[in-house]
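Start from the sequences, fold in the hints, and give me the full structure.
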Amino acid sequence: MVTILGTLGFRPETLIPTIKSTEGLNTVVAFHSDHERSISATAEIQKLCEMMGIEFVHREIPDAFDFMKVASSIQKEIEALRNKGETIAVFNIAGGTRIMSACALMMCTIEGLNSVYVHDETLEEIPLPLLHIRYSDVLTDMQKKILRYLLDNRGRSITQVELASSFNMHKATVNHHIKMLVEKGAVHLETNKADSREKLVRVEDSMGLILRP
Amino acid sequence: MRALLCTFGFDEDKIIKAMRHLKHERLIIFTGSDNTQLKSYDKIVDLCRLLKTPMETILVEKFNLIDCILTISEKIASLKDEGWEIGVNISGGLPLLSDAALLAAFNSGIEAYYMDDVLIQLPTLKGVTIKERLNREQRNTLCQVGKVKRLDDIRPMTGSSRDVRSVLLELKNLNLVRVDFDSGSGFVSCTDQGKRVHEWLSRTDR
Chain P
4 MVTILGTLGF RPETLIPTIK STEGLNTVVA FHSDHERSIS ATAEIQKLCE MMGIEFVHRE
64 IPDAFDFMKV ASSIQKEIEA LRNKGETIAV FNIAGGTRIM SACALMMCTI EGLNSVYVHD
124 ETLEEIPLPL LHIRYSDVLT DMQKKILRYL LDNRGRSITQ VELASSFNMH KATVNHHIKM
184 LVEKGAVHLE TNKADSREKL VRVEDSMGLI LRP
Chain X
3 MRALLCTFGF DEDKIIKAMR HLKHERLIIF TGSDNTQLKS YDKIVDLCRL LKTPMETILV
63 EKFNLIDCIL TISEKIASLK DEGWEIGVNI SGGLPLLSDA ALLAAFNSGI EAYYMDDVLI
123 QLPTLKGVTI KERLNREQRN TLCQVGKVKR LDDIRPMTGS SRDVRSVLLE LKNLNLVRVD
183 FDSGSGFVSC TDQGKRVHEW LSRTDR
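Residue numbers (this note's numbering), protein chains in the order written: chain P, 4 to 216; chain X, 3 to 208.
Bear in mind the hints are in silico, worked out from the structure with no lab data behind them.
Note that the structure is a prediction, hence the values are computed from the model and not measured.
Treat the hints with caution; some may be incorrect.
[Unchecked claim] Computed footprint of chain X on chain P, listed as stretches where at least three residues anywhere in the stretch have a Cβ under 8 Å from a Cβ of chain X: (1) 110-123; (2) 185-193.
[Unchecked claim] With the C-beta cut set under 8 Å, the calculated list includes, among others, these residues of chain X facing chain P: (3) F65; (4) I68; (5) D69; (6) S100; (7) N109; (8) E113; (9) I122; (10) K128; (11) V130; (12) R135; (13) F189; (14) Q195; (15) W202.
Positions of the beta carbon are idealized from the N, C-alpha and C atoms, including for glycine.
This is the structure:
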């Protein structure tokens with residue numbers, strides 16, 4: 004089953020070129036905000052899909068300005084489609100809020116999906132020069148475990164000593180992994196205010212998006 | 003020494019917030035030419051003058067996504083050559099310009115941020131560039147395929163023992179090339195996505 008995804012703003016015409024150009028299209032999934040004009044654009048796409056015999060699914064994103072919520076919603080949808088065995092042909096990122104479009108682009112890079120933009124005036128589809136980032140090739144298993152641990156314990160202050168103890172590893176080994184993660188920008192170190200000799204290891208919430216469950 | 007790259011439309015607030023949150027020694031703004039007439043733009047210029055922060059403005063064709071991606075990517079490549087650390091703040095300007103900056107950040111392996119009420123670091127990883135996502139044989143072969151060629155004309159990379167057809171198959175699986183057969187002869191060409199990646203590599207590879 005061939006599916007396309009799209010972020011939809013006020014203009015249904017930004018999604019139509021991808022509906023036209025995708026061979027054997029079965030399903031269109033559109034992400035839209037709760038803005039009246041976005042809902043109206045969604046209704047137009049729904050009507051078009053009904054006329055063409057294409058299944059239409061729309062996902063309303065109540066807070067289209069919350070980066071992490073939008074990114075997580077899109078990622079969950081991609082996962083659900085893949086679990087159902089759907090082939091995602093392309094993600095059209097031309098519509099929606101800036102955050103919706105940027106999150107969609109980010110997910111295409113992380114999840115390895117083709118992505119297109121549609122020119123505002125000519126409505127020409129523009130494929131994006133985007134290749135899947137295989138984080139499994141970039142992060143070692145140990146680095147991923149450390150990131151996961153830090154994300155699961157975000158509310159707490161975690162030192163390198165605690166990490167070494169939790170993973171039953173020598174402190175120097177943990178320090179090496181942390182150094183690699185700092186160089187990649189995945190974590191950063193802060194001086195512990197309670198004990199200035201200690202460094203706390205911090206991770207951004209958004210790093211959770213690159214670690215598949 | 004870090005250079006802060008920002009996309010700008012009409013709202014200086016997001017840039018000023020990013021300047022406060024991200025330590026930098028140089029500010030580079032990407033925007034459309036009409037935006038430099040705005041009072042909000044003048045505010046940023048004034049602020050940089052007061053802070054003695056060198057500021058550079060690079061004009062982009064703000065409705066041309068590919069031009070925006072390549073312009074930002076070229077600037078990133080030249081800053082990297084000069085030894086700068088780079089952070090990109092994608093919060094200003096048209097969504098198209100933000101997307102271009104985000105894609106350039108992903109492809110160039112640099113930090114990217116979104117500034118709203120709080121600063122959000124986006125999950126790009128430093129040093130992980132589009133170049134590393136293709137191996138040397140794949141890059142070499144993609145560059146040869148730059149325009150339609152007979153399959154037999156594609157040569158293996160010097161010093162490589164890999165069969166050129168298996169490299170082409172990998173590029174085909176990445177949706178970067180297509181192979182067509184006409185009267186028994188094979189022809190190979192870049193897909194649209196392959197053309198974009200090829201263009202990106204040739205304009206930013208140093």
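### Query
In ascending order, which of the hints set out earlier in this document are inconsistent with the structure?
Of the numbered hints, 5, 13 do not hold.
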